Amino acid sequence: MNGTIQAPTIEYALLAPMLVVFGAAIVGVLVEAFAPRYLRSAIHVPLTLLSLAGAFALTIWQAAAKGIPTKAAAMGAVAVDGPALFIWGTILVLAFVSVLLIKGEDHFVAAASAVPGSAEEEQALHEGAAHSEIYPLVLFAVGGMLLFPAANDLLVAFVALEVMSLPLYLLCGLARRRRLLSQEAAVKYFLLGAFSSAFFLYGTALLYGYAGSIDLAKISTAVGSVGGQDTLLYIGAAMLGVGLLFKIGAAPFQAWKPDVYQGAPTPITALMASGTLVAAFGALVRVFWVGLGGLDWDWRPVLYGVAILTMVVGAVLAITQTDIKRMLAYSSIAHGGFLLVGVIATGKAAAQNASALSGILFYLVAYGFTTVGAFAVVTMVRDAGGEAWHLSRWAGLGKRSPLLAGIFAFFLLAFAGIPLTSGFFGKYAVFQAAVSGGALPLVIVGVVASAVAAFFYVRVIVLMFFSDPAADGPSIVLPSRGTAAVVGLAVLATVVLGVYPQPVLDLAHSAAQSLFVR
Amino acid sequence: MTTHYLVLSALLFAIGGVGVLVRRNAIVVFMCVELMLNACNLAFVTFARQNGNLDGQVIAFFVMIVAAAEVVIGLAIIVTIFRTRRSASVDDASLLKY
Amino acid sequence: MGESITFWVLAVVSVIAALGLVFSRRAVYSALMLGVVMLSLAVLYAVQDAPFLAAVQIIVYTGAVMMLFLFVLMLVGVDSSDSLVETIRGQRFWAIVAGLGFAALLGLGIGNTLIAAPKGLAVANQNGNVPSLAELIFTRHVFAFEVTSALLITAALGAMVLAHRERTEPKPTQRDLSRARFVEFGRHGKNPAPLPGPGTYARHNAIDMPALLPDGTVSPLSVNRVIARHEAEEGTLAPEVAQILQQEEEGK
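These protein sequence lines map, in sequence, to chains A, B and C. Just so you know, my numbering puts 151 at position 151 of the first sequence, and the rest follows in order with no gaps. For my numbering, add 1000 to where a residue sits in the second sequence, where the first one is 1. For my numbering, add 2000 to where a residue sits in the third sequence, where the first one is 1.
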């Protein structure tokens, strides 16, 4: 026993955005422990927003001033490369916007431990109690989202997956209204999430057995060189895929998504629909391109089928929905399918991969902003008992509040991918990469699915503008400054990315140019 | 011998998976998930010896930490819903449908 | 040879216990079965040169995780047995078919893989299992190790959010409680004193035994009504207690 351990090297500057977010979360917990109750909210909101903004600034500074590193950081555990930095920036902005939404109105339960409908709950509501722990929990989730797409080995990926998911399981169950639904969503999300992470883990085990290592780079070199154990590799890759596809809600693992999106408090739904999707796609692309890149002949047909199924399921089932949040959830499933089209558009040439990757990155930005904006609008249309969730209640909204209905219609058109919206260029970038990657049939399915989805979006628009408002229709609450800012920002992003997408496209392209570090 | 251990771990994993699908009690479903995680750990430990490096044992250690945190969150959520409904059956939780 | 015997014994035990976990009706039995699986696996870890993990498995899994499960089961009600009625037609059948298929796929796939003789951990463990693991955890995997702290904090915070009730009004003192008891006595004549114990002349202190007053009669305050009702149904109610209850009934 020699008793000496070489101290590890950790590139703190490189990891600073993530460390800032985690650090702020821990400070938030301390605030929760020591600050008096009336001060907590006043401390949490600026702390959370400043830390996210600071992390964003650090990310920009890293990319612009210090250049993109070519080696994995923290003893090879975290790969801070071009795509990772781009994804970090996206997640941080989307999280910032979602936090504005969280602070906007009373979306969260006053006392989670009080039984719904009990005198205790009444009293908590009366006293204006609030769970300010939500802010540190959101920061932990965001920290996990930052780590997940940058994970350079499967152990970090697993830990990050859990760091991201555990706070979200909790936050799902904290809706202020329709609490039974919300708690049920939390249980479902939790059980299915734990089930899927078991699959992810078993896949990791088999790949470890195959390659003798959990580093994505070493797995990638083993794919070509280790013989006689292909079964381990195939089953391992498949199970890893199940775990990842579950997180992005691809069919046939999409069942949790509508339930959870419907039950969760709307700002949390916005965070999940934008941030989690971005993070999970970043991780999926990294695992499949870097770790299993040598196996692409085998996984491409499978993902091909999954992409088709996801697009079709998302587009077709959206038609039968009557709940606005469920409808947006199915739309999110369909968009996951469109993004998968980009994932399989790999090729031998690095340029092909870079164009597919930049398409995915651009799509994620465009979709993230639009979806946060759409959920922000959902929070503003209220009935007596909370949000007016039933679609029929939205009838005639255009006559009552043309501005809000117009904005929502604009978001729906962006989801459908109509030209002059960000959604159009997102789809265009991904489909173009897929066509040049030789996946023309898939693109055709994608276009047809978009058309089906567009039919439904247009139906909602018609409902809003061309039918008579109900006499006791929902009221439009005057948005708080935070919510108004979110909607404004989302509209701005959707317009700018739809009219003048070039700067962001260039940025995505230059981020994707270096591809992933290995 | 490695193969034997792996087949045992696969069996346990599959049994856990069946349990998740057939049981109704949320707590038992969650126990089945824990069984699956244990099966993963057995595979990791076996592969560590097979490959001659300790990475597998390290991962198994991490899985235990993660599982402990997960159990806390999961049981807290289950207890909350139980207090509301006086039932831990996943069937009674059926407000969310299509 | 020793390893084979250990393996075969524990493999059979753990598979039977796992099946027991899935198919036993009562949640508590399932939990105990899970404990058996975890203990068997701990031994299998020890056999496979992982003494540290064997210890952690027992401490963390059987010690902490299992206890948490049992705690929650007690909280939820030990007797809660699961309904075995299928709510989705054919679900159980198809789940079992899928499980068997999956097990066959995994088992055959892995069983047929050409696996060379294990390299063994003699080299990796030459400085001792725990120091070698520590070196890996604190060098190569240090970042993952640090990040797990976020998980643990989340778990603690989450449990607090969901289960902790903050007291919004000051806790009543002995004085307040006593005052409230006498106010109650003044208004409704409710007895402010504690319920009588078994009494000086009692020959039993079981809960179903009424206390005797100094004159040997039964104190009605000490009769547990729930137990008395059960006993009346069974016909084992003591006659003097029945008499007291009868008088009370008429008095109302």
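I should point out that these hints are in silico values taken from the structure, not numbers from a laboratory. Owing to the predicted nature of the structure, the values given are computational and were not obtained by experimental measurement. All residues carry an ideal CB built from backbone N, CA and C; glycine is no exception. Among the hints, a few may not be true.
Stated by the list, open to error - Below, simulated DMTMM-like cross-link-like pairs (lysine to aspartate or glutamate); rule was C-alpha separation at most 20 Å, straight line: (1) K2190/C to E2249/C; (2) K399/A to D298/A; (3) K2171/C to D298/A; (4) K399/A to D472/A; (5) K2171/C to E120/A; (6) K348/A to D323/A; (7) K348/A to D383/A; (8) K103/A to E120/A; (9) K2171/C to D468/A.
Unchecked claim - Stretches of chain C that chain B covers, calculated by requiring three or more beta carbons in the stretch to come under 8 Å of a beta carbon on chain B: (10) 2001 to 2013; (11) 2054 to 2065; (12) 2100 to 2110; (13) 2176 to 2183; (14) 2220 to 2233.
Said to hold, decoys possible - Label-pair distances were calculated between CB atoms; the ranges are: (15) A2064/C to D472/A: 32 to 42 Å; (16) F2093/C to R176/A: 35 to 45 Å; (17) F2138/C to I26/A: 37 to 47 Å; (18) E2248/C to A42/A: 36 to 46 Å; (19) E2248/C to D323/A: 18 to 28 Å; (20) L2019/C to A42/A: 19 to 29 Å; (21) A2156/C to A42/A: 17 to 27 Å.
These are the hints, each one checked on the structure:
A distance of roughly 17 Å separates the Cα atoms of K2190/C and E2249/C; the hinted pair therefore holds under the 20 Å criterion. Between the alpha carbons of K399/A and D298/A the distance comes to roughly 53 Å, so the proposed pair goes past 20 Å and is violated. As the CA atoms of K2171/C and D298/A are separated by approximately 66 Å, the hinted pair breaks the 20 Å bound. For the hint pairing K399/A with D472/A, the CA-to-CA distance comes to about 14 Å; that is within 20 Å, so the pair holds.
Straight-line distance between C-alpha atoms of K2171/C and E120/A comes to about 16 Å, which keeps the hinted pair within the 20 Å bound. Taking the CA atoms of K348/A and D323/A, the gap is about 44 Å. The hint is violated against a cut of 20 Å. Taken as a hint, the K348/A and D383/A pair is broken in the structure, with Cα atoms around 55 Å apart against an allowance of 20 Å. Under the criterion of a C-alpha separation no larger than 20 Å, the hint pairing K103/A with E120/A is inconsistent with the structure, at around 24 Å.
For the hint linking K2171/C to D468/A, the alpha-carbon distance of about 56 Å lies beyond 20 Å, and the restraint is violated. Interface restraint, the stretch 2001 to 2013 of chain C with chain B: holds (4 residues with C-beta to C-beta distance below 8 Å; minimum three). Residues of the stretch 2054 to 2065 of chain C with a Cβ under 8 Å from some Cβ of chain B number 6, which satisfies the need for three, so the listed coverage holds. Taking a C-beta to C-beta cut-off of 8 Å, the stretch 2100 to 2110 of chain C contributes 6 residues in contact with chain B, enough for the three needed, and the coverage statement holds.
With a cut-off of 8 Å between beta carbons, the stretch 2176 to 2183 of chain C has 0 residues touching chain B; three or more are needed, and the interface restraint is violated. Residues of the stretch 2220 to 2233 of chain C lying with their CB closer than 8 Å to a CB of chain B number 0, which falls below the three-residue condition for coverage. Between A2064/C and D472/A the beta carbons are some 54 Å apart, a value that contradicts the proposed interval 32 to 42 Å. Look at F2093/C against R176/A: about 42 Å separates their beta carbons, and that is inside 35 to 45 Å.
For the pair F2138/C and I26/A, the beta carbons lie near 21 Å from each other, so the given range of 37 to 47 Å is not met. Taking 36 to 46 Å as the suggested C-beta distance range, the pair E2248/C and A42/A does not conform, at roughly 60 Å. In this structure the supplied range 18 to 28 Å is violated for E2248/C paired with D323/A, their Cβ-Cβ distance being about 57 Å. For L2019/C and A42/A, the hinted distance range of 19 to 29 Å is not satisfied, since their beta carbons lie about 56 Å from each other.
Distance hint check: the CB atoms of A2156/C and A42/A are about 24 Å apart, consistent with the given range 17 to 27 Å.
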